[in-house]
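Asks: Next come the chains, spelled out residue by residue.
4 protein chains.
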Amino acid sequence: MRRRDYLQNPVKHMKISGKLTVNQLIQQFKNSGSFGAGRLAAACDIYEKMVRDKDCTVFLALSGAVIPAGMRTLIADLIRARLVDVIVSTGASMVHDAIEALGGHHYKGNSVVDDRELYKYHIFRIYDIFVPEENFVRLDFKLAEMYGEIAAEKKGESLSSNEFALELGKRLKDPNSILRAAYEEEVPIFMPAVRDSEFGFIHWLHSSQQKQKTVLQVDAFKDVPLICGICGNSPKNGMIVIGGGVPRNTIQSAALASKKGLDYGVVITMDRPETGGLSGSTLEETVSWGKMKGEADHVMVIGDALIIFPMLVASVTERLGNDFKRVPYFSGSKIGA
Amino acid sequence: MRRRDYLQNPVKHMKISGKLTVNQLIQQFKNSGSFGAGRLAAACDIYEKMVRDKDCTVFLALSGAVIPAGMRTLIADLIRARLVDVIVSTGASMVHDAIEALGGHHYKGNSVVDDRELYKYHIFRIYDIFVPEENFVRLDFKLAEMYGEIAAEKKGESLSSNEFALELGKRLKDPNSILRAAYEEEVPIFMPAVRDSEFGFIHWLHSSQQKQKTVLQVDAFKDVPLICGICGNSPKNGMIVIGGGVPRNTIQSAALASKKGLDYGVVITMDRPETGGLSGSTLEETVSWGKMKGEADHVMVIGDALIIFPMLVASVTERLGNDFKRVPYFSGSKIGA
Amino acid sequence: MRRRDYLQNPVKHMKISGKLTVNQLIQQFKNSGSFGAGRLAAACDIYEKMVRDKDCTVFLALSGAVIPAGMRTLIADLIRARLVDVIVSTGASMVHDAIEALGGHHYKGNSVVDDRELYKYHIFRIYDIFVPEENFVRLDFKLAEMYGEIAAEKKGESLSSNEFALELGKRLKDPNSILRAAYEEEVPIFMPAVRDSEFGFIHWLHSSQQKQKTVLQVDAFKDVPLICGICGNSPKNGMIVIGGGVPRNTIQSAALASKKGLDYGVVITMDRPETGGLSGSTLEETVSWGKMKGEADHVMVIGDALIIFPMLVASVTERLGNDFKRVPYFSGSKIGA
Amino acid sequence: MRRRDYLQNPVKHMKISGKLTVNQLIQQFKNSGSFGAGRLAAACDIYEKMVRDKDCTVFLALSGAVIPAGMRTLIADLIRARLVDVIVSTGASMVHDAIEALGGHHYKGNSVVDDRELYKYHIFRIYDIFVPEENFVRLDFKLAEMYGEIAAEKKGESLSSNEFALELGKRLKDPNSILRAAYEEEVPIFMPAVRDSEFGFIHWLHSSQQKQKTVLQVDAFKDVPLICGICGNSPKNGMIVIGGGVPRNTIQSAALASKKGLDYGVVITMDRPETGGLSGSTLEETVSWGKMKGEADHVMVIGDALIIFPMLVASVTERLGNDFKRVPYFSGSKIGA
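Protein chains in written order, with the working numbering: chain A, 1 to 337; chain B, 1 to 337; chain C, 1 to 337; chain D, 1 to 337.
Calculated from the structure, these hints are not laboratory results. All values reported here derive from a predicted model rather than from experimental measurement. Any given hint might turn out to be false.
Cut-off 27 Å, straight-line C-alpha distance, at most; resulting in silico cross-link-like pairs (DSSO-like, lysine-lysine) [as the list claims (entries may be wrong)]:
#1 Lys155/C with Lys259/D
#2 Lys30/A with Lys259/A
#3 Lys15/A with Lys12/C
#4 Lys12/B with Lys259/D
#5 Lys19/C with Lys15/A
#6 Lys19/B with Lys54/D
#7 Lys49/C with Lys30/A
#8 Lys155/C with Lys19/A
#9 Lys155/C with Lys142/D
#10 Lys15/B with Lys213/D
#11 Lys54/B with Lys19/D
#12 Lys12/C with Lys19/A
#13 Lys213/D with Lys154/C
#14 Lys259/A with Lys49/A
#15 Lys213/A with Lys120/B
#16 Lys19/C with Lys12/A
#17 Lys142/D with Lys12/B
#18 Lys259/C with Lys19/A
#19 Lys236/A with Lys120/B
#20 Lys213/D with Lys30/B
#21 Lys120/C with Lys173/D
#22 Lys15/A with Lys154/C
#23 Lys15/B with Lys155/D
#24 Lys154/D with Lys15/B
#25 Lys142/D with Lys259/D
#26 Lys325/D with Lys30/B
#27 Lys173/A with Lys142/C
#28 Lys173/D with Lys259/C
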């Protein structure tokens, strides 16, 4: 590279006046193009490309407590607009969704508080959110019933985690529910660590209740070929990661096992690479594995997902306009085909 | 509190001269008692208390790529000395262990490297560690064989994740293997997200190979009552967390579901609470849920586990001395009883 | 507190559709009210209160390379709209401003690059920004001239750092310059560590050139009573901190020394409290010192300033509307009075 | 590079048994060579090389509240053993040193505490350290006296920050004082932001008291050629950075201005590069500027300085042995020569 090649694009300074829309602000970020602002602007461009690319299946990885913190409707709406095709989630996020689908709420609280008093009051804390125990009691009771129903219908057949999510979505009637929207829109929700959540304890409850009758079976490994099949059958694959952990790893591994490699990648996280964990690993590292293509469009945005993801969605929604209608390549009805 | 109560313990400044043992350094940290040094010294005291407490079952949560990075023997030795009683691990950590048990190695590499070249060379990168693809090929082949064997023996019975780990440990002969040591010492290894690792893809391979014969069944939910039973039957419970994620959550949830609450907690992580994820959540937060007792001894050490955990082990090992023989309250043979 | 007091305000989930303005998005953040979104919404409310409070002097702390990264015009415009009254800056930020005032540019680059090649090409890197050496050469030459002029005018009198900044602003004609805007609008710029920047090396150059004539004198301590006087004379004081370091400490110390304590505080940073540095220290900690009042409105937003600060400004600008005209309590012409 | 070149050095797993000295543990870290353990082992090797290199001047950058937290004696001892040659410090660190030199103490406290109560009690908090206000009262009174004495002796001559530190060290008699040890051992202490600390407010107090008599003058820029001269005259230069900020920047800038470039660099910090601040910037970035040589030995250790720095010192001290006597190339008596 010649010297002048390094000095092509001067930073254009942001200018803020009057009423800026979110996407206009993102355009200012793109003009400046540096640090987090540059990365966020790149993320918006990549997500826009993903949803406009008729050959691309869009995977969303969900981790962290973003559902109780305010992103439930946002994600349900993304599903209904089919701006995501496949979700890979922690069990907990779907537990949080189901709690609200059954009429429960999460409450704005405070991170500096006497946790011993909360304990006495049967109020659980998630950073600055409070959750009353009765939310979980209602969930346990209602879902144990559903487990029984599902088990009866399935007659001993083992479910994969996405089939399990589908059965829950079928039974939850709240239109703002992620599980419900995904059921209606044929967006599969994989929960590779489903056991590590209230769903696991409800299963224990259910299996105690049901001793004489059929117990719901969920097979730990059954969803592996299913998610790999989605990647493998899709001409292109892209992922948006909120957080990291098992959901990010599952998508990346499916891209590897299906020998496709991701074509697009956006990761929103506060984790960093230096301690070697997957959540903070760079997207360059994924290239060495073949999880992502060497020429893929990709960026990591270091920041709080509750700020960054809504900006990403607002910016891209604004770009797409009201008339945009995405025709997804993939549909959940094709799973396993 | 009176004013003077706040001003009781002057910081004693560290003094370093001659040859200090690790525990002597930790004593200096305790004398100074501030910032990370104070927290690490507290962690050593808490771990020492845990292993000396005859009523306490010690849970170790393993996440992140600490096994390829050099902690494999360290953890196998902890198991053999029965300074841990139960392990909750990502699938990946046990994959890394099995790779070495089958003769593979991880290699010291570099984090600044051309990942496209690594890809061409079939070398996978984990931050600054390199892993040749043949490690995985050998693993896939050998373990698919084992899966077949296990399935044949179990005749359609679904395993829990710890039973699956036990079956692997039985078949891996390397004495430095964590899976092997755990098998021999009756230390159960739970892998609540076992599917999210090479174990999942080997299962896919195995089930393709085995179409006509029995396929290995692992039940997603079967280990829930088992780990809860361990907590519930143990007079006291303590955890040491490396990283966070599913392993930390699983232990904490078991403590909650068994209505015991942890008595001791040490978390080593770089994650922070502000974005609401579980891995960075404070141990105070766990008190609100009843996952940890209000009066439990607990501390979070913010740091790289590859530095902090070996210091913790070296300090406590030195304190215990060569003649110390721990008689654990819990043994894996009692699981499910 | 009663149980129900903890459960007053349900999280309202964000809803994104059509074109959202930045402030409409911030309102969604306020409705959800959790994690980073809640903190950023609180920051917008506090900054709005500060500028609407006729008795409040608004201090802005500038650290990190936010000027080359795209916030130069933004801050110059804030000064011209008198939405800040006093700036406390690193030397480097004003060096970056002066470089552009003299016709230089910063360039969008890349953080993954061969730094040895950049060195050969005389291109300096600031994360993903490239700066050609000629920027500094021009700066050195021009400013050494200005130093000579200033020294001649001042005839041996020692300047304080803000007087030095004022003299530079007087001589830089670029209307987008922060130094210029501050000069014109009578917004003092303090640079408590002015020596730790190119300004220091230009002084060395200047004093070599000037051996026979007067050398510019800048007194390290002279600005202390000046900034304390501003705090002391203002009925209320508020600060907005970008980053931390010396600029944050200087404002907080002035609030302490003037026995006022800040009434408002917003800190935007990625630093955390656990290692004991000032930049990551909580605003609660400042209360113990009397740097901030116990009842002050305050919040720390953990995030990248290049994203967070423009959002803050866009939201508050939108709220204030085009007709808002702030009449500041403090003017730089009153300094030292 | 050929494939096999990437796969040369297998990770050797750590083995911990019996009593390990700190350096033996560091050797285990070197054998494993990955993540933070690998970086810390490299840091020990680099510091050992620096002190054994007869041509190398060792700069130590001090930021953050490491002195009150327990590293005061450690650093005084390093000075007395002449394992550092030049210190660049925040003002605050030397304020903390002086407070203890005058008989004050810092107290082990707690980071979760009612800061309003501390305020009422006149107790200041630094994360989990408590400092009673009387420490500062005594300091203000005693140092204002010293300022008067120094001013009287200097008769209007402006001091550089290191001359100011020297005058303080001459007057503080505590042998454990860093300022005192540095005075006795001719190790200059530069405080480029001296004004941003209690030293600044004491100057205000002093200049009010002294109105009729001579006021102490400290020139902001006078130390620039002095520190550049040290770098320029030394065949090689190395730095160890605790934290970052102004101290790190000052050393790096001196290496640049003297056209030498550092030969060795160790940085201990929790800051990261992504938001563009200097404290988290990589050492590769400094190569582009010429602040560090392209071939320099360098490493950044991400961690808490209260843990990492004592380990570094303990390891290197153990390696050097009791009989090691370093003959430094540079002495403070040569400053400005």
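Asks: Taking each numbered hint in turn, which are not upheld by the structure, reported in ascending numerical order?
Replies: Of the numbered hints given earlier, those the structure breaks are 1, 2, 3, 4, 7, 8, 9, 10, 15, 18, 20, 21, 22, 23, 24, 25, 26, 27, 28, listed in rising order.
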